[in-house]
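Construct the entire structure; sequences and hints are all you get.
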Amino acid sequence: LKGWGLGQRGRGEGQASPMMLLDGYNFFLYISPTEEKLIKNLASMSSRERVKAIQKTPKTMKEKRDIRNKVLMEKTKKSVSSSIQINCCTQCLYKTALSYQQFKNGLSEYLHLLQLWQKTLKVIGGKFGTSVLSYFVFLKWLLTFNIFSFLVNFSFITIPQLIASEPNNLPFNGLELLTGAGYFKKTVLYYGFYTNSTITKTENNSSYNMQLAYIFTIGIYFIICFFSLVYSMAKSFRKNFINPQTYSGSAAKLLCIWDFNITNEKAVKLKQSNLRTQMKESLSEVTLEVLNLSLKQRIARIAVHLLVWMASLGIAAACCAGVYFLSRNNLQAATLVLPIVVSLLNLLIPFCFALFGLIEKFQYPRHQLYLLLLCRNVFLKIAIIGILCYYWLNDVATSEKEVKFCSLMCTNLCHKTHGQELALNYFHIILSKHQEICDHWRIRCVKGDRRFHTFLDFLPCLFFSCRIGIFFAPLMPAMQIISFFIIFYVKKVSLMRNCQPPRKVWRASQMTTLFIFLLFFPSFTGVLSVMAVTIWRRTPSKQCGPFQGLTSIIDAVSGWIHILDSYSSSKWVVWIYYNLIGSVHFFFILTVIVLIITYLYWQIIEGRRIMVRLLHEQIINEGKDKMFLLNKLRTLQTSKPDPPKEQQEVSSKAWVFLCCSHSSDK
Amino acid sequence: MGGSASQLPRDLLGEYQELTFLSKQEILLAHKRFSELLSKEERESILQKRVPKSQILTLPELRANPFRDRICRVFSTSEDGDGSMSFEDFLDMLSVFSDSATSEIKSHYAFRIFDFDDDGTLDRKDLEKLVNCLTGEGDETRLSESEMDQLIQNILEESDIDKDGTINLSEFQHVISRSPDFASSFKIVL
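Going down the list, the sequences are from chains B and D. Note that full-length UniProt numbering has the first sequence beginning at 1, numbered continuously upward. Note that full-length UniProt numbering has the second sequence beginning at 1, numbered continuously upward.
These are calculated hints, taken from the structure and not from any lab test. Among these hints, one or two may not hold up.
Quick list of simulated restraints, FRET-style, between CB atoms [stated by the list, open to error]:
(1) P60(D) with I581(B): 52 to 60 Å
(2) Y601(B) with S103(D): 51 to 59 Å
(3) R142(D) with Y601(B): 21 to 29 Å
(4) K40(D) with L371(B): 51 to 59 Å
(5) N132(D) with A234(B): 35 to 43 Å
(6) R10(D) with S583(B): 53 to 61 Å
(7) K269(B) with S39(D): 28 to 36 Å
(8) L614(B) with Q7(D): 50 to 58 Å
(9) D117(D) with R48(B): 37 to 45 Å
(10) S144(D) with A311(B): 39 to 47 Å
(11) K269(B) with S78(D): 28 to 36 Å
(12) S103(D) with L595(B): 26 to 34 Å
To give an idea of the interface, some chain D residues facing chain B are shown, with a C-beta separation under 10 Å as derived from the structure [to be verified]:
(13) Q25
(14) D82
(15) S95
(16) F97
(17) T135
(18) D139
(19) S170
Glycine included, C-beta positions come from ideal geometry on N, C-alpha and C.
Right, dumping it as structure tokens:
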């Protein structure tokens, strides 16, 4: 029997072996709805859906073209025969949809031209595979995000300020580039420089209220940040849902493990040898669960684990205490000491944790160990940044009382926070660059994946500190853009020098999901809480900045609402402010509704899970039926040698009938 | 790029955009790279020519791929079965391997690429050839007989739901759906 097979596309009905007929999908293609029915289906869809449906059919170009032409002919026949009067409304709608589509096409073309690093990413993917590539793609995403936030801040806050700015007559020496203080104090880089007045253009009567602009721009920026993070997180979760089933069953993954991105011959050979080693390992693996540990060994294991956790927490606490006391005594000392110390801590302590990891290496499979390390590092970073925030926020409050040092304090209040921010930023970059070089000499090719541990740990911290600083240094995204550029090139160079791609593929998509989650949960929510405390509870500085003279920053908004109250046309804004944004009931009701919807979705998921299990069992049973019937048929056929032709036809028709009943059941 | 753009008529470009997942730039780039594979005289009638498999395999994106032969054979519509590809076959291939292709179509074609004997299912022989491609073709790089048997047994145990000894398309797609990295690794970009 010449196998029908998928290799003979669109050749019409060939001879099919009985086995093929019973196979669900192949059966569908073999006695699929005839072309007529398919074309009728397609003709009834809207044109966009039709295009998508044709794109999705796994046929050759020629066949797709034929189908498309037939569908178009069918459509013209229908519209001619049915003489429907096209409403001018629908015509308008159609025209607008068409022009919108063309506009989108044109826009995507231009955006394509602006793609950064297209070639570099392709080379990296070709040499090192998709998992490494995904980190760089993520970095690119962060970079575009920062460009967007920079543009927003620049256009709404900085440009008006630049129009109404005073000349800067502070001295400038090179040290300022490192500390961020001094000359830069009186530039648009810092919050203190922004005026609290309304900037007016003399000719027209339109005025620009700097206070409101500041709050609203930062507020809208955070809202957009929030929505885009939630959206990316949801999209990532949905695509890469971390199914616990995927952790078991390593053999079936071989079906989808080859990375078609790799184009370098040496990299291909390397990947093949890695896969071979992996296969051999998995074949001879003795899983830890199978080992029956004696009670003593189990206690010893738990004890070691606890000890390591205690040590990590202790080190983190010690670092925090050190940072706190250093910052307290730092008022008059050089401003560079604190940032250097913090950066060094952030870079060296993860090494200690990795050393601890060596002790635990024998207890845990690699990916769990990596997650543990990640947890500890994130915790350390949160702790240090938390202490710094606490210090900055409290320091601002207490220094208010030091009237004697008013002028000095003024500069400190406004500028110290972000001066240190900037310095922190710089030092992270410079020291990480050094670390890369040391890494390169110390760690040889085999441990290539270790590099990306530090890569991952580094980024949330950077992103986090930038968001805090953005309120006090609106042009911080520009700094971040520069630092991301530097990071990209440093990483790329160190990667290229490192000869081997990582040994084991780190489930890149799940790592990306985890990372976006880290960006959202400790990083963004932490920033939001710090911002909330700053805006609602802390009194702004009296000498500088756009909120001078107010008791709290939020008073700018309430003052504006009071003014609006006097205009009758904007009473609805006032109503919204008092009854929706300002009331607790509204948020309570909103929360309850969201919780109910979440619960409903959860129940739907549970129901679907049960359905999947039932269908799985059903398929297994049908497979057994199939085997049984096949055996029966075989015995029938062998017991009657050379059956007449009509009987053969009858038996194949019987097959078809059986298939129909089977497939309709499914 | 300007020269090749003038050779590909606008309506054809629009048609290709509708029938494949490729964007305009990708189609134009494909046109350029395909014409480089032809000799100068043949470039005039690019749409009618077929490029032999050996030429296609000189592309740097396919050169080192262990599945390159199967890719050419699957996407080629040549009557002789020699794996030669026309420009439209080339576009078909790039469309399936592009970023915007859906996961279903990728898994459908991945199934066909791994189906070495073109019989519509992945049986033991197909899986054996697949594993050999993954580990390398040399004698010292292959797995031993017993390891191969054990490995194939494991694969079938985990993916063959109806227990008929072969993996059909639905079972294959089920395995693929549990691996979120598949769509990003099943990609070839010019």
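Quick rundown of the hints versus the structure:
no. : hint                             : verdict
1   : P60(D) with I581(B): 52 to 60 Å  : holds (58 Å)
2   : Y601(B) with S103(D): 51 to 59 Å : violated (23 Å)
3   : R142(D) with Y601(B): 21 to 29 Å : violated (49 Å)
4   : K40(D) with L371(B): 51 to 59 Å  : holds (57 Å)
5   : N132(D) with A234(B): 35 to 43 Å : holds (41 Å)
6   : R10(D) with S583(B): 53 to 61 Å  : holds (59 Å)
7   : K269(B) with S39(D): 28 to 36 Å  : holds (32 Å)
8   : L614(B) with Q7(D): 50 to 58 Å   : holds (57 Å)
9   : D117(D) with R48(B): 37 to 45 Å  : holds (39 Å)
10  : S144(D) with A311(B): 39 to 47 Å : holds (45 Å)
11  : K269(B) with S78(D): 28 to 36 Å  : holds (31 Å)
12  : S103(D) with L595(B): 26 to 34 Å : holds (32 Å)
13  : Q25                              : holds (6 Å)
14  : D82                              : violated (13 Å)
15  : S95                              : holds (8 Å)
16  : F97                              : holds (7 Å)
17  : T135                             : holds (4 Å)
18  : D139                             : violated (13 Å)
19  : S170                             : holds (5 Å)
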